Amino acid sequence: MTKTTIPVHLDVNGHRHTLQLEPRVTLLDALRDRLGLTGTKKGCDHGQCGACTVHVDGERVLACLTLAAQAEGRTVTTIEGLAREGELHPVQAAFLEQDAFQCGYCTPGQIMSAVACIREGHAGSDEEIREYMAGNLCRCGAYPHIVAAVRQAALEVQS
Amino acid sequence: MTLELSLNQQPAHLRQGSSIGQPLTRRDGFLKVTGAARYAADNHPPGMLYAVLAVSGIARGRVASLDVEAAKAHGGVVEVMTPQNRPPLATDPDAKNNPFMFRLDLLQNDRIRYPNQTIAVVIAETLEAATEGAALLSPRYEAQPARVGLDGAESFVPGGVGIGSPAVHHKGDVEAGLESAATRIEATYETSAQYHNAMEPHAIVAAWDGDSLSIDTPSQGLAMAQGRIAGLFGIAPQNIHIRSPFLGGGFGSKGMISGPQVLGILAARLVGCPVKLVLRREQMYGPAGHRAPTRQTLRMGMDREGRLTAIDHHAKTASSTFDDFFEPAADASHTLYASPAIATSHEAVRLDTGTPLFMRAPGEATGSIALESAIDEAAGACGMDPLEFRLRNYAEVEPMTGKPFSSKALRECYTLASERFGWQRRPLQPRQMPDKDGFLTGWGMGTATFPAIMFQAEARAVLRADGSGLMETGAQDMGQGAWTAFAQIAADGLGLDIDQVDFRAGSSDLPNAGIAGGSGHTATAGMAIHNAGAAVIARLADLATGHEASPLFGAGNEGVLARGGRLYRRDDENRSESYGEILARAGLAEIDGRGTGTPDPASREAYAMHAHGAVFAEVKVDPDFGQIRVTRLVGAFAAGRVINPRLVRSQYYGGMIWGVSFALHEEAVTDRRSGRIQNANLAEYHVPVNADVPSVEALLVHEDDPYVNALGIKGVGEIGITGTAGAVANAVWHATGVRPRRFPIRIEDLLG
Numbered sequence: 048m049t050k051t052t053i054p055v056h057l058d059v060n061g062h063r064h065t066l067q068l069e070p071r072v073t074l075l076d077a078l079r080d081r082l083g084l085t086g087t088k089k090g091c092d093h094g095q096c097g098a099c100t101v102h103v104d105g106e107r108v109l110a111c112l113t114l115a116a117q118a119e120g121r122t123v124t125t126i127e128g129l130a131r132e133g134e135l136h137p138v139q140a141a142f143l144e145q146d147a148f149q150c151g152y153c154t155p156g157q158i159m160s161a162v163a164c165i166r167e168g169h170a171g172s173d174e175e176i177r178e179y180m181a182g183n184l185c186r187c188g189a190y191p192h193i194v195a196a197v198r199q200a201a202l203e204v205q206s
Numbered sequence: 023m024t025l026e027l028s029l030n031q032q033p034a035h036l037r038q039g040s041s042i043g044q045p046l047t048r049r050d051g052f053l054k055v056t057g058a059a060r061y062a063a064d065n066h067p068p069g070m071l072y073a074v075l076a077v078s079g080i081a082r083g084r085v086a087s088l089d090v091e092a093a094k095a096h097g098g099v100v101e102v103m104t105p106q107n108r109p110p111l112a113t114d115p116d117a118k119n120n121p122f123m124f125r126l127d128l129l130q131n132d133r134i135r136y137p138n139q140t141i142a143v144v145i146a147e148t149l150e151a152a153t154e155g156a157a158l159l160s161p162r163y164e165a166q167p168a169r170v171g172l173d174g175a176e177s178f179v180p181g182g183v184g185i186g187s188p189a190v191h192h193k194g195d196v197e198a199g200l201e202s203a204a205t206r207i208e209a210t211y212e213t214s215a216q217y218h219n220a221m222e223p224h225a226i227v228a229a230w231d232g233d234s235l236s237i238d239t240p241s242q243g244l245a246m247a248q249g250r251i252a253g254l255f256g257i258a259p260q261n262i263h264i265r266s267p268f269l270g271g272g273f274g275s276k277g278m279i280s281g282p283q284v285l286g287i288l289a290a291r292l293v294g295c296p297v298k299l300v301l302r303r304e305q306m307y308g309p310a311g312h313r314a315p316t317r318q319t320l321r322m323g324m325d326r327e328g329r330l331t332a333i334d335h336h337a338k339t340a341s342s343t344f345d346d347f348f349e350p351a352a353d354a355s356h357t358l359y360a361s362p363a364i365a366t367s368h369e370a371v372r373l374d375t376g377t378p379l380f381m382r383a384p385g386e387a388t389g390s391i392a393l394e395s396a397i398d399e400a401a402g403a404c405g406m407d408p409l410e411f412r413l414r415n416y417a418e419v420e421p422m423t424g425k426p427f428s429s430k431a432l433r434e435c436y437t438l439a440s441e442r443f444g445w446q447r448r449p450l451q452p453r454q455m456p457d458k459d460g461f462l463t464g465w466g467m468g469t470a471t472f473p474a475i476m477f478q479a480e481a482r483a484v485l486r487a488d489g490s491g492l493m494e495t496g497a498q499d500m501g502q503g504a505w506t507a508f509a510q511i512a513a514d515g516l517g518l519d520i521d522q523v524d525f526r527a528g529s530s531d532l533p534n535a536g537i538a539g540g541s542g543h544t545a546t547a548g549m550a551i552h553n554a555g556a557a558v559i560a561r562l563a564d565l566a567t568g569h570e571a572s573p574l575f576g577a578g579n580e581g582v583l584a585r586g587g588r589l590y591r592r593d594d595e596n597r598s599e600s601y602g603e604i605l606a607r608a609g610l611a612e613i614d615g616r617g618t619g620t621p622d623p624a625s626r627e628a629y630a631m632h633a634h635g636a637v638f639a640e641v642k643v644d645p646d647f648g649q650i651r652v653t654r655l656v657g658a659f660a661a662g663r664v665i666n667p668r669l670v671r672s673q674y675y676g677g678m679i680w681g682v683s684f685a686l687h688e689e690a691v692t693d694r695r696s697g698r699i700q701n702a703n704l705a706e707y708h709v710p711v712n713a714d715v716p717s718v719e720a721l722l723v724h725e726d727d728p729y730v731n732a733l734g735i736k737g738v739g740e741i742g743i744t745g746t747a748g749a750v751a752n753a754v755w756h757a758t759g760v761r762p763r764r765f766p767i768r769i770e771d772l773l774g
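Those protein sequence lines, which keep their order, are chains V and B. Letter 81 of the first sequence, counting from 1, is numbered 128 in my numbering, and no numbers are missing. Letter 73 of the second sequence, counting from 1, is numbered 95 in my numbering, and no numbers are missing.
By construction, these hints were calculated from the structure, which means they are not laboratory data. There's no promise every hint is true.
Claimed, not checked - Distance ranges between label pairs, derived from CB positions:
no., chain 1, residue 1, chain 2, residue 2, range
1, V, R63, B, T343, 43 to 49 Å
2, V, E174, B, I185, 42 to 48 Å
3, V, G168, B, P728, 51 to 57 Å
4, V, T122, B, R442, 26 to 32 Å
5, B, R768, V, G168, 35 to 41 Å
6, V, S172, B, R768, 26 to 32 Å
7, V, P54, B, R616, 38 to 44 Å
To be verified - Stretch by stretch, here's where chain V covers chain B in the computed footprint (C-beta under 8 Å, at least three residues):
no., region
8, 54 to 67
9, 182 to 191
10, 231 to 237
11, 514 to 521
Quick caveat, the model's predicted, so the values are computed rather than measured. Beta carbons are placed, not taken as given, at the ideal position from N, Cα and C, and that holds for glycine.
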């Protein structure tokens with residue numbers, strides 16, 4: 048097979064990029080390998096762990112199950128795009144304060160999911176947070192602190 | 023590049039004198055919540071190529087053919103590494119001269135000895151091309167029948183279990199103890215094979231420069247990894263620089279260099295440019311270790327007062343056909359319950375699997391769930407409350423050795439956790455607590471324990487004329503909080519505010535910090551840091567007390583205190599001098615000192631050293647469908663001195679959640695026909711998700727231990743699993759009246 052590439056235009060964290068990509072390149076690999084945005088992590092590459100969660104047009108998606116070409120012309124936000132001018136997003140600050148991570152590998156995905164979870168209105172109770180954060184695995188077992196962080200951030204974001 | 027962390031974004035950064043004991047947030051936390059923490063696979067040196075493994079689809083046999091031409095014809099593929107062209111090694115990968123190394127599969131031949139063994143490595147310009155190239159190899163095999171399961175081969179008594187523990191131990195006469203007992207129980211429990219499944223798959227970025235090697239790879243033991251790689255390639259260890267500032271979880275699986283990591287280095291050698299190799303998730307189920315399955319039989323005898331007269335604990339386990347790691351499950355019965363007679367023994371089979379390895383609480387976790395289940399059965403046989411039974415058999419000295427404990431606040435753990443949980447309201451009989459929704463509620467408990475292990479570590483401390491300090495040790499942070507806890511110990515050791523201390527770790531060019539494992543890293547590297555601090559302060563004190571111009575002149579080494587960047591006369595704290603003033607007068611830009619952390623042989627000989635805890639669990643079981651939910655967990659732990667309670671609580675939570683997982687979720691299922699693992703992925707190999715985890719509480723019980731080491735540190739990383747797994751199992755019995763005898767507990771076992 049000869050390599051064929053297509054132009055893909057991505058708006059990532061407010062920066063426009065034009066990439067020449069093979070159609071089979073995932074959004075995750077495009078972010079990590081082509082754009083150097085390595086904050087988004089690969090844990091399974093099968094949509095099973097949530098470590099690669101990013102926002103496309105404001106909604107959480109699994110970047111490993113999304114072809115880069117599917118994000119053509121759309122707005123992508125990654126963990127690197129969450130803090131504004133060095134000021135942590137309330138979810139990031141809450142994760143830090145509540146010790147809502149240990150090894151940190153699932154953390155970018157957890158935080159991107161948490162931001163969306165709050166925005167979706169699914170952070171109303173601990174039970175609801177647990178359910179709507181259940182797509183992001185944390186092998187270290189930081190879940191109780193993740194729930195606490197989402198609860199804290201939800202109050203701050205909503206107030 | 024070594025990492026120096028900025029401290030200026032700390033939401034919780036309290037200072038009340040000593041840094042040790044403060045609940046500081048993580049010093050690396052800002053990097054982790056912004057995506058800036060750089061894990062091995064995040065590195066991308068110029069000219070780097072991507073390597074992807076092709077792995078075996080059979081468990082035993084040989085590779086008959088590979089379509090290398092098809093792979094090479096795929097656009098972007100640069101090279102295919104097979105036994106035919108793999109660069110030479112200086113050492114046989116099957117040679118082994120200490121227990122802390124794997125025998126490795128490095129394409130030394132066409133033999134296959136477990137599923138997911140590497141059979142080729144495809145190197146390409148892009149990850150996509152390498153992945154497709156690996157698929158195009160279309161291997162053909164000559165397969166032999168796979169040896170699967172604990173009955174799949176002839177058993178034998180291994181030469182040792184764990185790291186060098188004898189396979190058989192006994193004290194007293196167990197058969198006589200059972201004979202004389204008023205009540206006896208006998209039960210067999212099975213535990214499943216488990217895989218570490220750190221969120222970060224094993225990864226390596228390797229670059230050669232002549233005979234020098236630069237590596238980014240996660241490692242729980244940098245110096246050991248450096249030595250292993252040096253031996254394999256016949257180069258000096260100092261020619262190898264390994265960076266491992268962050269591990270995306272380890273749990274034991276990154277304790278020893280695995281085959282795929284070395285294959286990444288070989289691939290870089292073959293193509294002459296930097297190579298990145300990251301295991302696919304399913305490829306983690308083979309060459310990177312696992313927790314072996316066990317089948318454990320416990321026999322216990324009790325007298326009329328419910329005192330144990332005998333404990334017999336036998337465990338059968340499995341290793342690979344070519345290497346030795348035997349899960350020391352029965353050894354769990356050595357330390358917890360007093361009995362005049364105790365016997366523990368192991369047997370094993372060799373199966374066509376990758377070699378098992380330490381997995382968070384190796385032996386302790388498997389042994390604990392069986393022991394705590396059996397203790398629950400024994401209490402039931404005696405008609406006693408499980409807590410009362412445990413207190414009746416409380417060990418005042420270590421049962422197997424008769425040694426006194428260096429410290430043991432287990433009684434306090436039982437009291438604190440049981441009161442918090444409300445245990446005294448528990449009915450003795452099962453199936454007595456249906457809730458308003460018709461679910462069966464059950465309460466169970468387990469005792470937690472883990473040995474206070476120390477290894478060997480070194481550290482280097484520096485004091486600078488500007489009043490700041492530096493501490494260096496090649497420590498490894500896999501999430502336990504090494505970046506933070508060690509900086510806290512360093513600050514106290516140097517007599518400085520933590521903001522004045524640079525801490526370097528996570529790199530093999532720093533002093534050897536030993537192993538991040540065995541729950542012993544904080545104690546071991548912490549003591550090295552403490553001693554390095556003391557050494558450099560002693561040098562500073564010499565400079566001050568020996569100089570006439572110093573207000574400390576004549577005070578002598580013993581007569582000064584280091585605090586807040588100043589030395590004070592112990593007998594007159596109005597006389598003091600800053601570090602900067604002392605160094606400036608001596609005309610020195612900086613001074614340094616070194617320290618080691620090492621177990622004290624005399625106190626280790628005299629005392630048994632263990633952390634302890636008590637865990638109480640509530641479960642709810644659907645009476646119609648058998649679905650089990652853990653709804654509440656309360657643990658109390660006594661593990662010596664706590665360096666940072668915020669981080670320690672996180673470790674306990676993590677361990678307790680692993681306990682839930684052990685009891686209810688984790689199981690690698692092997693296809694008996696092919697020997698392959700059927701659920702080698704994160705959807706079908708179940709680990710707890712957020713919705714599986716209930717309210718968890720971990721209570722910290724104060725414990726001073728003057729013998730374990732000068733800082734009084736035991737270790738907290740693994741103890742949480744022990745106790746918890748059994749507590750959940752016992753709660754399931756209490757809810758349903760069905761005694762779980764295999765783990766994870768299956769719904770069908772409850773419906774039977």
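Hint by hint, here is what the structure shows:
{"no.": "1", "hint": "R63/V - T343/B: 43 to 49 Å", "verdict": "violated (56 Å)"}
{"no.": "2", "hint": "E174/V - I185/B: 42 to 48 Å", "verdict": "holds (43 Å)"}
{"no.": "3", "hint": "G168/V - P728/B: 51 to 57 Å", "verdict": "holds (55 Å)"}
{"no.": "4", "hint": "T122/V - R442/B: 26 to 32 Å", "verdict": "violated (48 Å)"}
{"no.": "5", "hint": "R768/B - G168/V: 35 to 41 Å", "verdict": "holds (37 Å)"}
{"no.": "6", "hint": "S172/V - R768/B: 26 to 32 Å", "verdict": "holds (31 Å)"}
{"no.": "7", "hint": "P54/V - R616/B: 38 to 44 Å", "verdict": "violated (58 Å)"}
{"no.": "8", "hint": "54 to 67", "verdict": "holds (count 11)"}
{"no.": "9", "hint": "182 to 191", "verdict": "violated (count 0)"}
{"no.": "10", "hint": "231 to 237", "verdict": "violated (count 0)"}
{"no.": "11", "hint": "514 to 521", "verdict": "violated (count 0)"}
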